[in-house]
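> Residue numbers (the numbering used here), protein chains in the order written: chain P, 1 to 267; chain S, 1001 to 1366.
Don't take every hint at face value.
As the list claims (entries may be wrong) - Heads up, incomplete: computed chain P residues facing chain S, CB under 8 Å, no partners named:
1) H6
2) S42
3) P96
4) L98
5) R227
Unchecked claim - A short list of chain S residues far from chain P (calculated; beta carbon distances all over 10 Å):
6) Q1053
7) G1092
8) D1132
9) A1144
10) I1145
11) E1152
12) A1224
13) P1235
14) A1238
15) A1242
16) A1263
17) E1290
18) V1291
19) K1305
20) L1316
Said to hold, decoys possible - Quick partial rundown of chain S residues pointing at chain P, CB under 7 Å, derived from the structure:
21) S1091
22) Y1095
23) R1113
24) L1116
25) R1147
26) R1194
Please keep in mind that the hints were generated in silico from the structure rather than gathered at the bench.
As the structure is a computational prediction, the values presented were derived from the model and not from experiment.
Glycine included, each C-beta is placed from N, C-alpha and C at the ideal position.
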Amino acid sequence: MIDLLHLYRAEFKTTIAGQLQYRGYLVIWLIGLILEPVIYLSVWSTVAISQGGAVDGFTAADFAAYYLVALVVSQATFTWIMWEMEYWIRQGTLSPLLVRPVHPIHRHIANNLTFKLLTMAVVVPVVAVLSIVFQPNFTISAWSAAAFVPALAMAMALRFAVEWTLASTAFWVTRVSAINQLYFVVFLFLSGYGVPLALLPGPVRVLAEWLPFYRMLGFPVELLLGRLSMNQVVYGFAAQLGWLAIAVTLLNVMWARGVRQYSAVGA
Amino acid sequence: MNVARTESPPMRNGQQGAFGSPVIRVDGLRKTYNVPERESGLRASVGSLFRRQTKEVVAVAGISFDVAPGEVVGFLGPNGAGKTTTLKMLSGLLYPSEGEATVLSHVPWQRERAYLRQMTLVMGQRNQLVWDIPVADSFELNRAIYRIPEAEFRQTRDELSELLDLGPLLTKPVRNLSLGERMKCELAGALLHRPRVLFLDEPTLGLDVTAQRRIRGFVAEYAARYEATVLLTSPYMADVEALAERVIVIHHGSLLFDGGLGALVERFSPHKTVIVDLEHAGDGFERYGEVVAIDGLRATFRVPKADAAAVTARLLAELPVVDLSVTDPPIDEVIDTVFTSGTEPVVEAVPELASEVVPVSEPVPA
């Protein structure tokens, strides 16, 4: 365990040193990341105002609060493993990682967390500025703030495990970009990122609540903003745990088979 | 099959040699790939959507050998012979199709951490080092990955830096290094955990002669200092000559030769190629040996190795020689010829590859 912490610390240091060399790239990446929820927010605010102040109980200020928190959650949970894994496999850079006495997943987790820490330094002030512009209605209680922390951590773990599992399809499929594309469309609509779940048509909403995507984004957002009943919160945590167990199991199976496949066809 | 086991693996002083249990044990190792195959043209493309035709390609056709502790073994063969595939299987990257192998009593492709911590695979230029950060930071990362104790890490790093002359390179980002510099750093990075077994796949490829020599000297030094077992492939015969007492030759996935280096050279190149540049044209060259080519003022002879000294002396004495070179034929070519023809190797002159270019004014080495 101490060895693992040591490894993560070393990975942190190298990632920070590496990332800081590409400040320009980092800034462009961040602009894109911030712009997306701001666009949804602007659209929904306009709709709310044109409909006399609210859409299904969401006022412009509610939308602002929802999307600003969603921005933070999305920033915290997103991964780029689906591109990276394809690169690792296609270019053969996975090979040196496989002959090391640590699982390659540690490198990716460490890189991911480091990148998040680095970019949070930008995201937080951006959210502050956007708060002044959009005047969100933040009604955050102490208990929802406390519950938000584990919900966010679980969302990060869940999204990481799901996307790592999907990324493993690159072992069998030559071009995974089609799968990525499909995943992102589904994620956009069923996670609560494009549309808050409350605004989805009934059957779609039920589907979204059953599937894991909402647990990776919308759930912590609504939890923090106090939009969920105690029942929904308890159920939400249970769903996160259940999906995480499934995703981690799948991840292990897919990875083991994938590496076996990789090793069979010529690493 | 044309397998020659001319002598048992050489022993090194103070080590167990052939009597100790082998570090590397390979028994009937075989690897076949299924390669998708389709004809060209639109019809074949569409057809392949539904029916994938694959062809079985044999990369390693069942080879067996043992390597004793502390041995440095050169692994030779032309491109596509199966050298890299074998190294990949032994380092745990590839599952074999058939056969067994153990390295340090581990089955490599189970990739147990206890095994991975004791071996290293150097393959290509971009393995150990992180592209964007200084070399020293990459080394720190390897320290964490291999859980190297601080004191041991410092000692090894300093020793490797000294052996490879890395001093000024350690603070530079990897992407600012030249090919030779990067290879040196790669090697150092791959050895920080003091592996007991080294698999080196063409470690000198693409390097200039000076850098090649440097890497060679270093590998020899490392192997001796840490009593490491080394399996090394190289397209350059000079690497193998400098490092290995024993060579294993494979071709088309099969073992062609396993034995001492001397026996290999004897067996596969009983001839030398002698090239002379003359001041003016002459004739009657046949009396010096088999004439392979006459190209303007340059004559190329194939001479039995034992006669090479005498023949060169006569050439120098009797002809108006401007320049003279004595070369060994490229080993890959010789092996290839041996394998395909099954007869005595046919030596072809390749002047660019002259290993010894001797100026006329100096005595010609035997």
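> Determine for every hint whether it applies to the structure shown.
Hint-by-hint comparison with the structure:
no.	hint	result
1	H6	holds (5 Å)
2	S42	violated (37 Å)
3	P96	holds (4 Å)
4	L98	holds (6 Å)
5	R227	violated (43 Å)
6	Q1053	holds (16 Å)
7	G1092	violated (6 Å)
8	D1132	violated (4 Å)
9	A1144	violated (4 Å)
10	I1145	violated (5 Å)
11	E1152	holds (15 Å)
12	A1224	holds (24 Å)
13	P1235	holds (20 Å)
14	A1238	holds (27 Å)
15	A1242	holds (26 Å)
16	A1263	holds (33 Å)
17	E1290	holds (43 Å)
18	V1291	holds (45 Å)
19	K1305	holds (40 Å)
20	L1316	holds (52 Å)
21	S1091	holds (5 Å)
22	Y1095	holds (5 Å)
23	R1113	holds (4 Å)
24	L1116	holds (4 Å)
25	R1147	holds (5 Å)
26	R1194	violated (14 Å)
Hints 2, 5, 7, 8, 9, 10 and 26 from the earlier list are contradicted by this structure; the remaining hints agree with it.
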